[in-house]
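With chain D's structure known, arrange chain F on it following the hints.
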Amino acid sequence: MTQHRLMQPIIRARKLGKQYRLGTSGPEARAVQYVTLRESLVDGIRSLVRAGHRSGRQAETIWALKDVSFDIMPGEIVGIIGPNGSGKSTLLKILARITEPTCGSIELYGRVGSLLEVGTGFHPDLTGRENIYLNGAILGMLRHEIQTRFDEIVAFAEVEKFLDTPVKRYASGMFLRLAFAVAAHLNPEILIVDEVLAVGDLAFQQKCLGKIGEVSRDGRTVLFVSHQMDLIARLCGEAILLSNGRIQMRGPVSDVIERYRNLETG
Amino acid sequence: MAVKASSSAVTKTAARNRSELPTEPVVVIRPSPRWAALKLGDLWAYREVLYFLIWREVKVRYKQTVFGVAWALLQPLFAMLIFSIFFGRVAGIPSDGLPYPLFVYAGLVPWTFFANSVTSSGNSLIMNPNLITKVYFPRMIIPAAAVGAGLIDFTIAFVLLIGLMLFYGTFPAWGIVLLPVFVVLMTGLAFGVGMWLAALNVKYRDVRYALPFLIQMWMFATPIIYPLSLVPDQWRWALALNPLTGIVEGYRAALFGGTLDWGMLGISAGITLVVFFACAFVFRRMEKQFADIV
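Protein chains in written order, with my numbering: chain D, 2 to 267; chain F, 395 to 688.
No wet-lab data here; the hints were simulated from the structure.
Even for Gly, the Cβ is constructed at its ideal location relative to N, Cα and C.
Wrong hints could be hidden among the right ones.
[As the list claims (entries may be wrong)] Here are the simulated lysine-lysine pairs, DSS-like style, with alpha carbons at most 27 Å apart:
no. : chain 1 : residue 1 : chain 2 : residue 2
1   : D       : Lys169    : F       : Lys682
2   : F       : Lys682    : F       : Lys433
3   : F       : Lys682    : D       : Lys162
4   : F       : Lys453    : D       : Lys169
5   : D       : Lys212    : D       : Lys169
6   : F       : Lys682    : D       : Lys67
7   : D       : Lys67     : D       : Lys16
8   : F       : Lys457    : F       : Lys597
9   : F       : Lys597    : D       : Lys162
10  : D       : Lys16     : F       : Lys682
[What the hints assert, rightly or not] Partial selection, computed: residues in chain F whose CB lies under 10 Å from chain D:
no. : residue
11  : Pro416
12  : Ser426
13  : Arg428
14  : Phe446
15  : Leu492
16  : Thr527
17  : Ile556
18  : Tyr598
19  : Tyr620
Chain D extracted, bound-state conformation:
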């Protein structure tokens, strides 16, 4: 029993699936973002008239994610890679609880912080100081947690002089630094990161990478999605390759990247 507990995963995903209806929602159908009431009414009446024989617009569906099962151990940094439309962002969104799976389940044995975007909830009219508190709360930090990390966040973002300036007057680099700094000081056991590192200048990217490395040395678990293979290779020990909504391969990062490159070239 103790043996088992030692090997207990911190994330346990089982047979996850996410189905989207084409033409109404989902990443494949961004062009048709919302229906008007009139369209709905017309559709409703149409289906009433045609009741009995099911015809007309049979909604086409697509599985953005299908049969995805995996375990992640505490302290692992796992990269998630795959071509566009392979289900990476759907998987992240389910992990971050932004959207629900159609079937399957995930058990999380720790607090989750998700970073799908830097600066969510930032308001341009509020000052840097105000936005730190606002964004921290939105990302799931408690007020006293923000207070204790406030100086660290400010120092990391290098915005000491502009704390009381509305962020709309910030240079874009400064804005991104501050936004990332808040997110980087979120201290969850599980951190889910989308391609947010592709921001800022080179020096700042280095700093961000360093921070993520530091986070993982603390024993926290990181799931990291990126298109930049060199980043994945540098940061992650393991990787998961997704393609057409299914897991193609899971293993040491160099092997998975190689497989991905083969997949890309044909």
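Chain F in isolation, oriented as in the chain D frame:
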């Protein structure tokens, strides 16, 4: 999605040492059942986010304005002036023996709260798509924050109401102790209708255009610029179906010491309760689609 006891007991050390992982999952993610629970407790569990979102609304609303928070007063005050001139003076609408400006302002204070809260919470989800597609917290917090910010303006406008009463030499009646009841009913109704419209707005953008019209109609269906006593007896029941009627009449009775119509108040409270739970239920049913369609 089911959350099993989202615990803050999981400390940093727990994660550092893998043998100390909790035996029970902190969060379980799975498709939610068709009949989702209302989970109104989320509003309390996530009160910090709620607090900061209210604070953001209030801070941002009057940034870069010359008059600042005074707008919370100017809005009902100007409405009072216009209604006093056109309805009080020109049309000579009676006001139950009170000075018409005082009468109409007492109705306008809760009404302005209701109209602004329903409008801003109805638009809150589509105005903040990133709060839906990029982070997770209970979606209900977003329309709730809009209503909460409205309560701040309400409080400011209410202080002026007391001042106005003293100016006209009217002292609040003992009924003022009942005031919290009306505030709760008014808030619950605004929150319910607001979150229902917000959810509908995500799916059907028609709501955004229909909303101002709906609000205007609702105002005339509520005894704000006219007293309920002006309505023929046989039609009172129709007005009572509008829960705001009982609430606005209640405000006036509580402040000016009129007789409280308990029957009507009961109907209004009952309808408010039904509306609130029905709206919360619809919101829960629709919220799982928000991120996919907003």
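Going through the hints against the structure:
1. Between the alpha carbons of lysine 169/D and lysine 682/F the distance comes to roughly 33 Å, so the proposed pair goes past 27 Å and is violated.
2. Using a Cα cut-off of 27 Å, the hinted pair lysine 682/F and lysine 433/F holds, with the two alpha carbons roughly 14 Å apart.
3. A distance of roughly 42 Å separates the Cα atoms of lysine 682/F and lysine 162/D; the hinted pair therefore is violated under the 27 Å criterion.
4. Between lysine 453/F and lysine 169/D the CA atoms are separated by roughly 15 Å; this keeps the pair inside 27 Å, and the hint holds.
5. Distance check on the hinted pair: lysine 212/D and lysine 169/D sit about 26 Å apart at the alpha-carbon level, within 27 Å; holds.
6. At roughly 19 Å between alpha-carbon atoms, lysine 682/F and lysine 67/D fall within 27 Å of each other, so this suggested pair holds.
7. Taken as a hint, the lysine 67/D and lysine 16/D pair is honoured in the structure, with Cα atoms around 7 Å apart against an allowance of 27 Å.
8. With a C-alpha separation of about 31 Å, the suggested pairing of lysine 457/F with lysine 597/F is violated against the 27 Å cut-off.
9. For the proposed pair lysine 597/F and lysine 162/D, the alpha carbon gap of about 44 Å is over 27 Å, so the pair is violated.
10. At most 27 Å may separate the alpha-carbon atoms for a hinted pair to count; lysine 16/D and lysine 682/F meet this at roughly 20 Å.
11. For proline 416/F, the shortest C-beta to C-beta distance to chain D is roughly 6 Å, which falls under 10 Å, so the interface hint holds.
12. Taking 10 Å as the C-beta cut-off, the interface hint given for serine 426/F holds, the closest approach to chain D being about 6 Å.
13. The interface hint given for arginine 428/F is violated, since its Cβ lies 12 Å from the closest Cβ of chain D, which is over the 10 Å cut-off.
14. Nearest Cβ of chain D to the Cβ of phenylalanine 446/F: about 4 Å, under the 10 Å cut. The hint holds.
15. At its closest, the beta carbon of leucine 492/F sits 41 Å from a beta carbon of chain D; the interface hint therefore is violated under the 10 Å criterion.
16. Annotation: threonine 527/F was flagged as interfacial toward chain D, and the flag holds, the nearest CB pair being 6 Å apart, inside 10 Å.
17. Checking isoleucine 556/F against chain D: minimum C-beta separation of about 31 Å lies over 10 Å; hint violated.
18. A cut of 10 Å between beta carbons decides the hint on tyrosine 598/F: the least distance to chain D is about 4 Å, and the hint holds.
19. Interface hint at tyrosine 620/F: violated, since its Cβ lies 32 Å from the closest Cβ of chain D, which is beyond the 10 Å cut-off.
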